[in-house]
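**Student:** One letter stands for each residue in the lines below.
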Amino acid sequence: MSEVLQALRYAVLAGLFVFLYRVVRAVGDDLGQAASGGPWAVLVVEEGPGLSPGEVFAVRGEVVVGRASTCDVVVPDPGAGARHARLVTEGEGFWLEDLGSPGGTYLNGRKLEAPAPLRQGDRMRVASTVLRFVQPHNTWTKGS
Amino acid sequence: MLRRADLHGLVLAVGLGGVALVHWARNPQEPPVVLVYAAAVLFSFFVVDVVLRPKETLLLPLTGLLVAVGLANLYRLRPQLVAEQAAWMCVGLALGVAASRSARTVREFARVPALATLLVAASVVLWGGSQVGAYPVAKDIPSQLAKLLAVLVGAAELHRGSLRGPVMAAWAAGVALVLLGGDVSTASLLVWVGIVVAYCAGASWSTLVPAFGGFLLLASLAHAGLPQLTERVKGWVNPWGDPLGFGYPLVQSLFAMGSGGLVGAGPGFGYPELVPQGHTTFALAALAEEWGFVGVLALLSGYAMWVGRALRWAVLAPSRYARLLAAGAVALVGGEAFLAGAAATGLLPATGAGLPFVSYGPASVVVHLVVLGLLLAAPGLQEAR
Numbered sequence: 006m007s008e009v010l011q012a013l014r015y016a017v018l019a020g021l022f023v024f025l026y027r028v029v030r031a032v033g034d035d036l037g038q039a040a041s042g043g044p045w046a047v048l049v050v051e052e053g054p055g056l057s058p059g060e061v062f063a064v065r066g067e068v069v070v071g072r073a074s075t076c077d078v079v080v081p082d083p084g085a086g087a088r089h090a091r092l093v094t095e096g097e098g099f100w101l102e103d104l105g106s107p108g109g110t111y112l113n114g115r116k117l118e119a120p121a122p123l124r125q126g127d128r129m130r131v132a133s134t135v136l137r138f139v140q141p142h143n144t145w146t147k148g149s
Numbered sequence: 049m050l051r052r053a054d055l056h057g058l059v060l061a062v063g064l065g066g067v068a069l070v071h072w073a074r075n076p077q078e079p080p081v082v083l084v085y086a087a088a089v090l091f092s093f094f095v096v097d098v099v100l101r102p103k104e105t106l107l108l109p110l111t112g113l114l115v116a117v118g119l120a121n122l123y124r125l126r127p128q129l130v131a132e133q134a135a136w137m138c139v140g141l142a143l144g145v146a147a148s149r150s151a152r153t154v155r156e157f158a159r160v161p162a163l164a165t166l167l168v169a170a171s172v173v174l175w176g177g178s179q180v181g182a183y184p185v186a187k188d189i190p191s192q193l194a195k196l197l198a199v200l201v202g203a204a205e206l207h208r209g210s211l212r213g214p215v216m217a218a219w220a221a222g223v224a225l226v227l228l229g230g231d232v233s234t235a236s237l238l239v240w241v242g243i244v245v246a247y248c249a250g251a252s253w254s255t256l257v258p259a260f261g262g263f264l265l266l267a268s269l270a271h272a273g274l275p276q277l278t279e280r281v282k283g284w285v286n287p288w289g290d291p292l293g294f295g296y297p298l299v300q301s302l303f304a305m306g307s308g309g310l311v312g313a314g315p316g317f318g319y320p321e322l323v324p325q326g327h328t329t330f331a332l333a334a335l336a337e338e339w340g341f342v343g344v345l346a347l348l349s350g351y352a353m354w355v356g357r358a359l360r361w362a363v364l365a366p367s368r369y370a371r372l373l374a375a376g377a378v379a380l381v382g383g384e385a386f387l388a389g390a391a392a393t394g395l396l397p398a399t400g401a402g403l404p405f406v407s408y409g410p411a412s413v414v415v416h417l418v419v420l421g422l423l424l425a426a427p428g429l430q431e432a433r
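First to last, the sequence lines map onto chains A and B.
Using this note's numbering, you'd call the opening residue of the first sequence number 6 and step up by one each time.
Using this note's numbering, you'd call the opening residue of the second sequence number 49 and step up by one each time.
Worth flagging that the hints you see were computed from the coordinates, not collected in a lab.
There could be a bad hint or two in this list.
[To be verified] Which bits of chain B does chain A cover? Going by a derived footprint, with three or more residues having C-beta under 8 Å, they are:
1. 69-80
2. 409-423
[Unchecked claim] Here's a subset of chain A near chain B, in silico, CB distances under 10 Å, partners left out:
3. Leu-13
4. Arg-14
5. Leu-21
6. Val-23
7. Glu-52
8. Leu-101
9. Gly-105
[As the list claims (entries may be wrong)] Just some of the chain B residues that point at chain A, by a computed CB distance under 10 Å:
10. Ala-224
11. Leu-228
12. Ser-307
13. Pro-315
14. Gly-316
15. Val-342
Backbone N, C-alpha and C fix where the C-beta goes; we use that ideal spot for every residue, glycine too.
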């Protein structure tokens with residue numbers, strides 16, 4: 006058997022396993038999503054009236070932040086809108102969106118004009134409440 | 049989208065690599081037309097993925113991989129059949145897309161015609177003996193069709209309620225006819241699929257155990273009455289008793305696996321042509337000789353993932369009909385792969401079952417691709433009003 010054929014032969018055998026590895030990865034991704042019901046993250050309170058620093062809110066799926074008691078993350082801040090902002094899942098990550106609040110929502114000190122993706126450690130400000138976005142490391146999700 | 053293209057690309061690379069190896073080892077002076085056939089088939093899998101956009105993203109590439117290995121094996125052993133097999137694969141894919149699109153309609157209309165066809169199919173198995181070339185048309189087409197119908201009828205009958213007497217009777221009659229025709233693999237698969245689907249539909253053990261007992265009784269009657277079955281069992285119990293006679297297939301199969309060793313002789317090398325039916329029933333042994341333990345491990349993992357992935361929809365599909373359909377499809381493909389693997393390794397007597405998607409057979413390829421099409425539709429089949 007020539008060297009070229011020999012090399013191709015092992016490449017094909019290796020290719021079989023590369024393919025199977027990719028399938029296993031994809032299965033794992035799906036399992037991770039199914040087990041958790043999508044990606045999840047937490048919002049850690051940095052400062053804010055009526056909240057103690059270090060307090061944690063779990064975020065999964067769509068989460069509305071505001072003063073109203075029906076919100077998923079209630080911030081008892083007189084300057085906050087009833088439904089001020091929301092976080093939505095997009096693929097493996099989260100996006101922050103202002104819900105037309107009078108004071109606006111700030112991301113890392115910048116006023117939010119359009120929905121923006123949230124990255125590890127981002128600080129969002131609703132009136133005078135500051136929340137830090139933390140996405141725990143998940144073995145099945147890439148790039149986090 | 050990226051995941052789709054990416055996995056299909058890998059399958060294409062591995063498949064073309066395998067076929068090219070066989071080509072350059074066997075007929076290096078001829079133009080590699082076979083690469084065009086293989087590429088056409090594997091690209092069709094990608095096209096189907098793009099056309100159907102199934103929620104299930106892994107089954108099509110996995111099936112593509114099995115098909116690619118099957119084409120390389122067929123090209124090694126029966127190069128003259130590759131073009132035909134490739135054409136039937138494309139036909140099967142087209143029919144699979146049609147079945148996937150009309151899976152909802154099938155639910156409503158499957159019952160009566162399917163039952164009638166099951167009986168007709170079984171009776172042709174019993175009386176049909178005509179052949180086209182080496183291909184037993186009247187024997188193979190009905191028995192393959194019967195498998196598809198078992199999946200369809202099982203799901204269509206049982207999604208509304210429990211088993212009904214006439215259905216049980218028709219099913220038992222079908223199995224008995226197929227068994228008397230000497231087709232043990234189809235008979236066992238009909239029983240297996242029926243029992244799995246009935247179990248998933250909530251049938252009690254007091255129904256299932258007698259059904260299985262009845263099958264064992266029928267099988268032992270067939271074993272006693274049909275000489276070709278008696279020989280097969282003898283060749284399984286002690287193949288070395290007559291290594292050139294009834295033990296020949298199993299002995300050659302075991303030798304082929306032994307000489308394959310860890311990485312095999314390499315596609316295109318070795319002597320897999322010595323294994324009888326190396327392109328159908330004993331495909332696993334022929335592959336073991338050329339692709340070795342490593343290749344067989346990859347192939348069997350492929351089947352395991354296929355089954356695991358399909359089982360997911362037998363649990364998660366949104367309607368009872370879809371779940372039973374998926375359960376039937378898993379039972380059929382998994383059961384067949386098990387029967388073929390067990391025959392090649394001597395775990396069970398040879399039944400005649402081939403490796404699904406890998407072994408040669410026009411009707412087999414078409415039927416399995418239609419079953420795949422139905423399975424791909426399962427995640428989207430909502431409960432009927």
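**Student:** Measuring from the C-beta of Leu-13/A to each C-beta in chain B, is the shortest one below 10 Å?
**Tutor:** holds (6 Å)
**Student:** If you take the shortest Cβ to Cβ gap from Leu-228/B to chain A, is it below 10 Å?
**Tutor:** violated (41 Å)
**Student:** Against chain A, is Ser-307/B within 10 Å by beta-carbon distance?
**Tutor:** Check failed: Cβ of Ser-307/B comes no nearer than 16 Å to chain A, outside 10 Å.
**Student:** Could you check if Glu-52/A really has its C-beta closer than 10 Å to a C-beta on chain B?
**Tutor:** violated (41 Å)
**Student:** Can you verify the interface hint for Gly-316/B: is its Cβ closer than 10 Å to any Cβ in chain A?
**Tutor:** holds (8 Å)
**Student:** Let's test the interface hint: is any C-beta of chain B closer than 10 Å to that of Arg-14/A?
**Tutor:** Holds, about 5 Å.
**Student:** Against chain B, with CB atoms and a cut of 10 Å, does the hint on Leu-21/A hold up?
**Tutor:** At 4 Å from the nearest chain B Cβ, Leu-21/A passes the 10 Å test, so the hint holds.
**Student:** Hint check: is the beta carbon of Gly-105/A less than 10 Å from a beta carbon of chain B?
**Tutor:** violated (33 Å)
**Student:** With a Cβ-Cβ cutoff of 8 Å, does the stretch 409-423 of chain B contain at least three residues near chain A?
**Tutor:** violated (count 0)
**Student:** Can you verify the interface hint for Val-342/B: is its Cβ closer than 10 Å to any Cβ in chain A?
**Tutor:** holds (6 Å)
**Student:** Tell me if the interface restraint on Val-23/A is satisfied: Cβ within less than 10 Å of some Cβ in chain B.
**Tutor:** Where the cut-off is 10 Å and the nearest Cβ of chain B is about 6 Å from Val-23/A, the hint holds.
**Student:** Let me know if the C-beta of Ala-224/B comes in closer than 10 Å to any C-beta of chain A, holds or violated.
**Tutor:** With Cβ-Cβ at 40 Å, over 10 Å, it is violated.
Against the hints set out earlier in the document, violations occur for numbers 2, 7, 8, 9, 10, 11, 12.
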